[in-house]
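Engineer: With the hints as constraints, model all of the structure from the sequences given.
Residue numbers (the numbering used here), protein chains in the order written: chain A, 676 to 997; chain B, 676 to 997; chain C, 676 to 997; chain D, 676 to 997.
Some clues are possibly wrong.
Note that the list lumps identical chains together, so a pair holds whenever it fits in one copy or between two copies.
Claimed, not checked - No more than 20 angstroms apart at the CA atoms, straight line, and that leaves these computed lysine to aspartate or glutamate pairs for EDC-like:
id : residue 1 : residue 2
1  : LYS809    : GLU779
2  : LYS866    : GLU937
3  : LYS809    : ASP769
4  : LYS849    : GLU863
5  : LYS875    : ASP916
6  : LYS718    : ASP818
7  : LYS775    : ASP807
8  : LYS775    : GLU937
9  : LYS718    : ASP734
10 : LYS775    : GLU817
11 : LYS775    : ASP818
12 : LYS871    : ASP916
13 : LYS867    : GLU852
14 : LYS871    : ASP706
15 : LYS871    : GLU963
16 : LYS875    : ASP967
17 : LYS871    : GLU852
Simulated from the structure, these hints should not be mistaken for laboratory data.
Protein chains: 4
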Amino acid sequence: MKSIVTSLLLLTTLSVFGDDRTVGTSPWGPDDEIGRLNLMTNKSRTEILSRIVDGTTYDLSVEYFIGMPSWQAAGDPHYRIWMTHTPHGTVVDDPLNLGKPMNEHVSYTGAAVSMYTHMGTHIDALNHFGLDGKIWNGFSAEDYAGDRGWQKAGAENIPPIIARGILIDVAAGKSLEMLPDGYRITREDLKKTLRKQRTKLLEGDVVLIRTGRMQSYEDAAAYMADSPGLGLDAARFLVEDGGAMIVGADNLSLEAFPSELETDYVPVHTYLLAQQGTPILELVNLEELSRDQVYEFAFIGGSLKFRGADAAPIRPIAIPVR
Amino acid sequence: MKSIVTSLLLLTTLSVFGDDRTVGTSPWGPDDEIGRLNLMTNKSRTEILSRIVDGTTYDLSVEYFIGMPSWQAAGDPHYRIWMTHTPHGTVVDDPLNLGKPMNEHVSYTGAAVSMYTHMGTHIDALNHFGLDGKIWNGFSAEDYAGDRGWQKAGAENIPPIIARGILIDVAAGKSLEMLPDGYRITREDLKKTLRKQRTKLLEGDVVLIRTGRMQSYEDAAAYMADSPGLGLDAARFLVEDGGAMIVGADNLSLEAFPSELETDYVPVHTYLLAQQGTPILELVNLEELSRDQVYEFAFIGGSLKFRGADAAPIRPIAIPVR
Amino acid sequence: MKSIVTSLLLLTTLSVFGDDRTVGTSPWGPDDEIGRLNLMTNKSRTEILSRIVDGTTYDLSVEYFIGMPSWQAAGDPHYRIWMTHTPHGTVVDDPLNLGKPMNEHVSYTGAAVSMYTHMGTHIDALNHFGLDGKIWNGFSAEDYAGDRGWQKAGAENIPPIIARGILIDVAAGKSLEMLPDGYRITREDLKKTLRKQRTKLLEGDVVLIRTGRMQSYEDAAAYMADSPGLGLDAARFLVEDGGAMIVGADNLSLEAFPSELETDYVPVHTYLLAQQGTPILELVNLEELSRDQVYEFAFIGGSLKFRGADAAPIRPIAIPVR
Amino acid sequence: MKSIVTSLLLLTTLSVFGDDRTVGTSPWGPDDEIGRLNLMTNKSRTEILSRIVDGTTYDLSVEYFIGMPSWQAAGDPHYRIWMTHTPHGTVVDDPLNLGKPMNEHVSYTGAAVSMYTHMGTHIDALNHFGLDGKIWNGFSAEDYAGDRGWQKAGAENIPPIIARGILIDVAAGKSLEMLPDGYRITREDLKKTLRKQRTKLLEGDVVLIRTGRMQSYEDAAAYMADSPGLGLDAARFLVEDGGAMIVGADNLSLEAFPSELETDYVPVHTYLLAQQGTPILELVNLEELSRDQVYEFAFIGGSLKFRGADAAPIRPIAIPVR
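Structural biologist: Structure representation (structure tokens):
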């Protein structure tokens with residue numbers, strides 16, 4: 676446990692945000708629960724969809740399996756799947772009182788799953804991290820956090836996402852297969868890669884950062900250990916300069932650890948979610964986009980509507996645009 | 676339990692399929708695990724995507740919450756969500772050894788879920804029901820069904836779906852709000868509704884049948900009780916005459932009960948999945964499409980890639996086409 | 676849902692306890708977390724053990740199975756068991772990379788379970804119900820209730836129980852097979868039955884009340900519906916007059932519903948747990964003791980030490996004494 | 676994974692049992708599902724109970740908590756506990772529609788747990804390991820193993836256990852705090868320790884072997900890594916020479932790894948369970964018995980009656996006898 680804790684500890688302190696950091700107030704009004712997802716409009720969707728010329732699709736999601744990568748430092752459940760009905764078991768159990776001949780003829784298979792909501796390709800809702808007991812737009816845990824999730828900003832509020840997607844292939848930008856362990860992506864890394872790719876960010880984009888870490892996905896220990904990730908200033912660049920609606924990456928926790936702030940062990944999460952109302956995508960598979968050098972695309976995906984939840988799985992696709 | 680069992684029992688016998696029913700052999704070769712999803716091609720995707728002119732989207736999925744509808748006759752897990760981390764609990768537990776001030780400042784929320792794979796809007800994989808120990812394309816439980824699912828035809832094989840979608844609003848076709856309890860939809864119902872809607876089925880369609888039952892979704896008992904559903908001959912019409920790639924509906928179990936066959940308690944499932952290689956969509960929310968009389972659309976959705984599973988949640992969208 | 680809620684609503688109001696009810700302060704000091712279990716001493720154990728003359732034992736626990744009775748009004752998980760390893764599944768999956776011949780020779784079976792802690796024969800810890808945010812002895816949820824249970828009064832603190840056990844067979848006392856639905860046991864019922872049985876209560880007893888409801892255990896719906904149970908004044912008699920260390924019964928929720936108090940929907944629970952520091956046993960199988968008219972016995976049982984939990988399963992036994 | 680697998684591989688081959696090993700046939704008849712537990716009789720219970728002179732009890736069980744030791748090589752669920760109701764969450768959620776004042780007054784706490792059945796102090800049922808598709812007494816997986824466990828030899832059949840208990844403190848016998856990593860206990864170790872302790876085994880005993888490993892229980896990684904354990908010949912001595920009814924130990928998997936047999940990766944388990952009908956106790960806390968040099972005692976404990984399960988938790992106690 677010691678080693679895990681140490682890895683979360685703070686090395687340096689940025690003056691960017693002082694101890695007076697507080698959650699953001701939504702420009703979309705006191706009832707707003709989705710933050711920058713408000714940037715998505717019929718017009719913005721029409722615009723990106725009208726640029727599709729071909730049915731080539733890129734599947735941006737990963738598989739769920741026993742042994743898959745997951746964050747275990749805080750004791751959350753692993754992904755598990757188990758069989759509630761099998762062709763043979765049904766013959767023995769006869770759970771529906773149908774008799775042996777029926778169960779032998781009709782071969783029934785059923786399964787159940789359990790998981791932490793932050794497993795596989797998923798989106799963080801704005802209630803995942805807050806500051807001082809409040810989340811984005813000032814909703815308080817005192818008033819809204821119950822035993823079944825939050826009554827505000829839960830995953831069920833996230834609309835289906837159709838937006839311009841941008842891959843920033845930082846690994847390729849540095850001519851690397853994968854960023855080094857623990858590497859913290861800077862504002863300059865992003866700007867340089869965008870220039871190299873000849874890509875420009877626009878307000879409302881889904882911006883996906885590639886570290887290359889996804890190549891280790893099938894080896895959970897390797898995938899999890901000391902991942903490269905986003906720095907706080909780089910995150911600020913994406914939202915404040917680039918206008919990103921969603922920020923995502925191919926690693927598990929988006930940001931690099933240890934934290935840059937003494938008073939916040941996940942400053943990129945609290946900055947994006949609680950201060951800027953910007954949902955986060957994690958574990959996005961960007962390998963094929965990288966291989967084909969597809970940097971701009973229609974991003975289309977719908978996350979599961981888990982009522983009250985702080986995150987939900989999503990299987991998004993990318994369709995290149997002209 | 677008796678009453679549930681009785682409701683699954685067979686009242687009449689159709690001569691459509693005798694006792695010699697066996698699983699289908701794939702025309703796409705001995706390795707095929709996705710059946711009619713092979714009908715989806717770059718060309719078919721391009722065709723439907725190129726007909727989109729507007730960013731209006733319809734969310735076809737339902738919410739997950741404690742108390743939501745689910746099939747309980749065979750003892751499967753209900754949907755459950757629980758909090759593994761709350762802003763207050765983290766202060767008490769300090770699971771990451773960060774100390775009280777840090778936990779009071781950074782407000783962490785995490786949740787976990789468990790569910791049967793056939794809950795909420797979902798797609799049935801081809802291994803969900805088989806005949807005589809085999810599933811679509813002859814894969815046997817003996818060889819391929821383990822304790823973590825099937826090594827063949829699992830949900831991870833289902834590609835992202837982009838296809839022409841067709842709503843057959845049978846309830847509206849009969850000028851009803853909702854089909855009566857237990858109503859079994861016939862081939863004639865489908866043909867009549869298609870005529871009334873001026874819609875034609877094409878090979879490769881995602882065909883979605885509306886019974887109106889979704890209006891009761893928030894009242895699980897009402898939603899589940901004696902649902903209207905598809906009859907076997909109607910299912911044959913959709914695949915054999917209409918060329919459907921996927922068949923779905925707004926109820927939980929697609930087909931009407933009790934079964935029409937003495938020897939098969941889920942003949943529509945075994946026909947579609949095991950004999951025709953046709954995945955099934957259930958619990959699809961078709962209310963808004965019905966309200967706006969949108970009968971033809973681009974259907975876009977990606978189901979979760981649960982390795983080996985017999986079904987997976989999906990949050991598809993519909994985008995009207997010209 | 677309506678009907679369930681109504682059944683919890685309060686019909687009449689007793690003046691027994693007003694709105695000024697507060698949690699009890701332990702006579703065993705400010706650190707006490709087990710309340711009246713402090714009555715158990717080496718001397719008390721020696722006393723009852725020395726009266727055993729014969730090895731006849733009564734198993735007081737029920738079985739756990741899918742479909743077993745459980746309280747479902749508040750959305751808690753049912754009991755579920757599933758196979759993580761089966762002889763056949765292991766051959767297909769080879770989860771330990773041992774190869775097919777090994778898996779065919781060594782036939783491995785493993786299972787997992789999940790459950791609400793209040794299922795099957797179990798004991799309620801003192802943190803299960805409190806008043807105004809505090810539990811027995813003044814420990815507050817604010818200070819001690821985290822995401823993994825309470826840091827005070829959790830089930831891990833409950834010692835193995837060896838004590839004089841007393842059956843009060845109220846059903847038999849009234850010459851009934853089973854008390855009527857919803858029957859609320861009174862102080863007079865208990866006194867009369869004790870007289871009839873020629874049994875006297877002593878300080879430190881485990882007192883078990885028989886309603887006869889256990890006869891319906893295999894039929895969960897019948898077992899759960901409108902159970903007879905203990906009234907508040909009867910509970911006061913057991914503790915204040917009788918000196919009971921633990922109070923238990925053969926039904927699921929010990930007390931009768933609807934509540935006798937307008938301001939408390941579970942007044943017997945809050946009285947016993949929060950005010951008197953008296954753990955509660957539920958779902959105790961008393962049928963064989965009743966059949967053999969065994970009213971006094973050595974009660975021996977150890978509940979599982981779930982750290983922080985508000986209850987834990989127990990499989991106690993009764994051994995008649997001379 | 677590799678390393679785990681290697682640790683299960685076989686180094687040497689004993690000639691003790693050849694490849695012709697088969698499951699045992701019960702001397703208690705073709706219906707027997709509990710094997711050597713048949714040795715327990717009213718007489719045997721009376722005998723040991725009558726030797727109790729004092730109420731001193733030893734709690735032989737461990738606590739369940741998130742992070743506790745568990746065998747993870749085959750992907751089984753860890754122990755998890757989560758709150759389904761908290762005093763604060765209930766105020767926010769109002770799951771019973773009781774209103775805020777009621778929920779603020781009555782402070783409700785409820786929790787749920789999930790676990791592999793082989794966690795914490797537990798007993799293995801005879802269906803846990805078999806040979807060639809059969810378990811003790813010839814019951815086959817083909818006929819009796821369903822999706823909810825076995826219809827034969829499940830944990831619900833295990834009676835409450837009251838028997839003579841014997842501690843064989845092998846660590847102390849060798850004047851060690853703890854046996855060395857990976858140490859395989861021999862027949863000679865057991866005989867020598869029994870002589871040193873001046874203890875004799877009798878038919879029907881619960882024999883508990885102390886390796887000292889329990890001292891690392893709170894540090895799961897240390898507890899699990901390369902544990903000392905029982906050798907096959909030592910197990911044979913306990914049953915065939917000593918007459919043991921149950922064999923247990925303070926480590927997780929009883930036996931030492933890697934296996935002594937090329938064809939069986941858990942030969943002590945299959946010998947005891949499948950061939951000799953001898954249940955196994957694991958994770959038994961023997962530290963206090965060792966400290967007080969209590970080698971003979973009344974062993975009293977009841978395992979949970981999980982229907983069909985291959986193991987169940989138990990919280991046994993030891994009471995010294997004269």
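Engineer: Against this structure, judge whether each hint is valid.
Structural biologist: Comparing the hints with the structure gives:
For a Cα distance limit of 20 angstroms, the shortest separation of LYS809 from GLU779 across copies, 10 angstroms, qualifies, whereas the shortest one inside one copy, 56 angstroms, does not. For a Cα distance limit of 20 angstroms, the shortest separation of LYS866 from GLU937 qualifies neither inside one copy, at 27 angstroms, nor across copies, at 60 angstroms. Taking the closest pair of Cα atoms, LYS809 and ASP769 come within 20 angstroms of each other only across two copies (18 angstroms); inside a single copy the shortest separation is 51 angstroms, beyond that limit. Taking the shortest alpha-carbon separations for LYS849 and GLU863, only the intra-copy value of 12 angstroms comes in at or below 20 angstroms, while the best inter-copy value is 63 angstroms.
Proximity of LYS875 and ASP916 under a CA criterion of 20 angstroms is satisfied intra-copy only: 11 angstroms inside one chain copy versus 49 angstroms between copies. In this assembly of identical chains, the alpha carbons of LYS718 and ASP818 never lie at most 20 angstroms apart, being 36 angstroms within a copy and 51 angstroms across copies at closest. For a Cα distance limit of 20 angstroms, the shortest separation of LYS775 from ASP807 across copies, 12 angstroms, qualifies, whereas the shortest one inside one copy, 60 angstroms, does not. For the identical chains of this complex, LYS775 and GLU937 are inter-copy neighbours only, at 14 angstroms across copies versus 65 angstroms inside a copy, given an alpha-carbon limit of 20 angstroms.
Proximity of LYS718 and ASP734 under a CA criterion of 20 angstroms is satisfied inter-copy only: 17 angstroms between copies versus 25 angstroms inside one chain copy. Proximity of LYS775 and GLU817 under a CA criterion of 20 angstroms is satisfied inter-copy only: 13 angstroms between copies versus 54 angstroms inside one chain copy. In this assembly of identical chains, the alpha carbons of LYS775 and ASP818 lie at most 20 angstroms apart only when taken from different copies (12 angstroms versus 54 angstroms within one copy). In the homo-oligomer, the alpha carbons of LYS871 and ASP916 lie at most 20 angstroms apart inside one protomer (18 angstroms), although the nearest pairing across protomers, at 53 angstroms, exceeds that limit.
Proximity of LYS867 to GLU852 under the C-alpha cut-off of 20 angstroms is restricted to the intra-copy arrangement: shortest distance 17 angstroms within a copy versus 58 angstroms between copies. Neither within a single protomer nor between protomers do LYS871 and ASP706 lie at most 20 angstroms apart by alpha-carbon distance, with minima of 41 angstroms and 42 angstroms respectively. With identical chains, the CA atoms of LYS871 and GLU963 are at most 20 angstroms apart within one copy only, with a shortest distance of 19 angstroms there and 44 angstroms across copies. Proximity of LYS875 and ASP967 under a CA criterion of 20 angstroms is satisfied intra-copy only: 18 angstroms inside one chain copy versus 38 angstroms between copies.
For the homomeric pair LYS871 and GLU852, the shortest alpha-carbon distance inside one copy (16 angstroms) is at most 20 angstroms, but the shortest distance between copies (57 angstroms) is not.
In summary, the structure is inconsistent with hints 2, 6, 14 from the numbered list given earlier, while agreeing with the others.
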